[in-house]
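Kindly produce the complete structure, drawing on both the sequences and the hints.
Protein chains in written order, with the numbering used here: chain A, 1 to 398; chain B, 399 to 650.
Don't read these hints as lab results, they were simulated from the structure. Keep in mind that the hints are not guaranteed to be accurate.
Said to hold, decoys possible - Selected chain B positions facing chain A (in silico; Cβ < 7 Å):
hint : residue
1    : 409
2    : 483
3    : 493
To be verified - With a Cα cut of at most 25 Å, we get these calculated DMTMM-like pairs of lysine to aspartate or glutamate:
hint : chain 1 : residue 1 : chain 2 : residue 2
4    : B       : 548       : B       : 604
5    : A       : 13        : B       : 503
6    : A       : 308       : B       : 604
7    : B       : 548       : A       : 207
8    : A       : 215       : B       : 516
9    : A       : 177       : A       : 274
These figures come from a predicted structure and were not determined experimentally. All residues carry an ideal CB built from backbone N, CA and C; glycine is no exception.
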Amino acid sequence: MNIVRLLCYKDFKMLARDRSTMITLILFPLMMGPLGLGFEYLMVHLVQHQAKKEIHIGVVGLNHAPTLYYLLRSDTQLILHTDINEADIQRQINDKSIQVALVIPETFTTDTQQMKTSTIQLYFKTKGGTGDLPIRHIKQLLTLFKGMQNTQRLGALQLTEAQLSAVKIEQQDLASKEERSGKMAGMFLPMLLFFNCLFICMAVALEMGVGEKEKKTLETLLSLPIQRIKLLGAKFIVLFSVALWAPCATLATIVLVFMFPPDFIPAHIIQFSEPLLRPQVIIIMVLLMLPIAAFFALLMLLISLWSKTIAQGSAYMSLLTVSIMSMMLIPVIFSIDLNGFTAMIPVLNVLIACREVTAGTITALPLVIVLLSSLALIAATITIASKIMLKEHIIFAP
Amino acid sequence: MIQLQHVSKQFKRSRADRKKYGTAFDDAVQDVSFHCPKGATLGLIGPNGAGKTTLLRMIAAMMQPTTGTISVAGKSCATHSASIRQQMGFMTTNTQLYEFLTADETVNFYGRINQVDESTLAQRKDELFSLLDIHAFADKRLATLSTGMKQKVNIARTLIHDPKILLLDEPTTGLDVIASRHITDLIQHSKANQRTVIFSTHRFNEVKLLCDDIVVMNHGRLSYHGRFNDFERNTVGATLEEKFIHQLEVQG
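Structure below.
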C-alpha cells in the first residue's frame, strides 16, 4: 500500500476513534445552522414576550396633560403609577418598582396654550438588548403624542405640515435589494466559516504535530523508511480534509435551514439569506474555501510541528486565531472593495470575495487573482513547512 | 556491520542558550569512531547529556552527522537513509504507541510501512504474537492495555519487519521489573538470531548480562570502546559502577 495512503488511513482512523475530536469535528459545524435557528427562535420569543409584558410607568403631574393621560391609559400594556413624587423616581427605578417615569411640568397646559415649548422629562435606565423594549415602547407613545400636539398647534395656526417643510429629501439607493442583502450575508457568513475552519484545524493539528512529538510517536515514524515530505504530505491531506469539511458542513446546514425555514424566522432574515440559496454562490463559496482550508491546515500544522509542547502550540494557535479573526473585521468596518490590490492580500481577499459573491457583484478577473494569490500563499507555506520538517532541532525538540 | 568514522554533531543553540553557554553551537557528539560487527550486542553507556541518543539517531539515519561518516552494511547513511532504516528496528525511551489503534492494527501499520508483504506480515505477526503472548489482547485498543502489554506490542512492532539491526535508546528506563524483562528477553532473542543490537542504558546489570562490546560516552566524546570483558578486567574499581565512574574521571 502506498505510504502516504497508509499514513492518512492511520490518522483518519485515529481521528474517527477519538471521541472528543469527533464531537468537535462533527457536531461543531453541523450545529451552526440549528444553533442559529435556536438563537433566532429565542430572540423572536423574547421580543414577543417583552411586547406582551406589563410596563410599570410612573407619572408625575399627569393631570397637567389630559391628552397624554388618555393616551397612556388606553395602552393596555401600561400600568400607571401616579402616586409617586419626582424625588423618589431614581429609587423606584433602581428597585424596579417602575421601569420608566415621566414628569410633566405644572405649566404644561399654559405653555401649550401660549404656543411655548414645554419639556416633559423621561426617566429610564438603559439595560441593553430586549431589556430596553419598554423604554422604546414609551418613546414611541411620546413621539405619537408629540405629533398629535404639533398637528393641533399647526391647526390652530392654520398651517399645514407642507408649509413648514421647505425641503424634502428623497433617498434612492441604487444597490438592488439582492445586492444589499447579499453584502450583509456575505459580511458575516465568511467569518463564521473561517472561524470554524480555524477552530477545527487547531483542535486536530495539535494532536497531529506537537502531540506526536510529545508522545515520541513522531520519532518512531521518522525511524521508518518514510521520506519526511511524504509524512508532511499525509498529515496535510488529513488536516486539509477536516479543514474543508468544517466550513462546507457549516455552509450546508445554514443553506438547509434557509431552504426550509421554520415559521418563526422573520421575513427580513429569510430575505437576508436569499443570496445563499443560489447554486452559483454556493459553488464559488466552496471554491474559495479550498485555498483557505489548505492555508489554515498548513499554517496550523506548521505551528504544531514547530512548537515544543502542546501548551505552547495551543498558545500560538490561539494568538493566530485571534489575529486572523481581528483581521476579518477590517473589511466589515472599512467596507473594502475587491480590486487588483485587495485581491492579493492573503485571507482578507477571500473574505471580501465571499461578500462580493453573495452580493452578485464579483467579476471573473478579481476572482482569478484571489485564487492565484491564494495558491501562491499555499506554495510558500508548503515550502516553509517542508523546510521545518527537515530541521532536526525542531523536529526532535525538546 | 556498523561503522562510524569521526562522527560529530553540532546543534545550533537557541538565543537563550547562546547567552547561557556563550557559544552558538552545542557539540552533542564529537569525533566518535567505532565499529560494531554483525551479530554483536553493543551497550552504549554514559551519563545524561553524553550524546547517546543523538548518536543512536544518527546511526538510525534519522539525523545526519555534521562531519564524519556512518555506514551500515557498507552503505552510507547519508545517501541510503531509507534502505538503511528499513533494516533497522528503533525503540526509544518511553516510546508511546497510538492509543486509538489496537495491537493488531499497530503491528500491521508498522509492517506495511516497512513494506512487508501481506502474507509475510500475517505469518510474522502470528509468530511474534505467540512469542510475546499478545493474541489474548490483539484486538484491544492500546489505551486499555497495561504498560507491560504495551511494551510487548512495542517490541512486536519493532521486530515485525525482521530487522537486521536493533537500536534501543534506554529501552528499560522507567519500566518495572517485568516490563524490563521483556526488553532483555528481546535483546537475548535478537542475539540468538544473529541481529546486531546497539542499546543505550544506565543499568549495569543489563550491560553485564547482554553486551559483547561497550562504548562509554562522556560530554559527546568517546571515552572507551572495546570488549566488555576487557573493560571489566582492566578498569580500576570494585564494581561496574565504580569502573564506569573511574573511566569518566580518566577522561576528565
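So, going through the hints one by one against the coordinates:
1. 409: holds (5 Å)
2. 483: Result: holds, 4 Å to nearest chain A Cβ.
3. 493: holds (5 Å)
4. 548/B to 604/B: holds (21 Å)
5. 13/A to 503/B: holds (10 Å)
6. 308/A to 604/B: violated (32 Å)
7. 548/B to 207/A: holds (20 Å)
8. 215/A to 516/B: violated (28 Å)
9. 177/A to 274/A: holds (10 Å)
Comparing the model with each numbered hint stated earlier shows that hints 6 and 8 do not hold.
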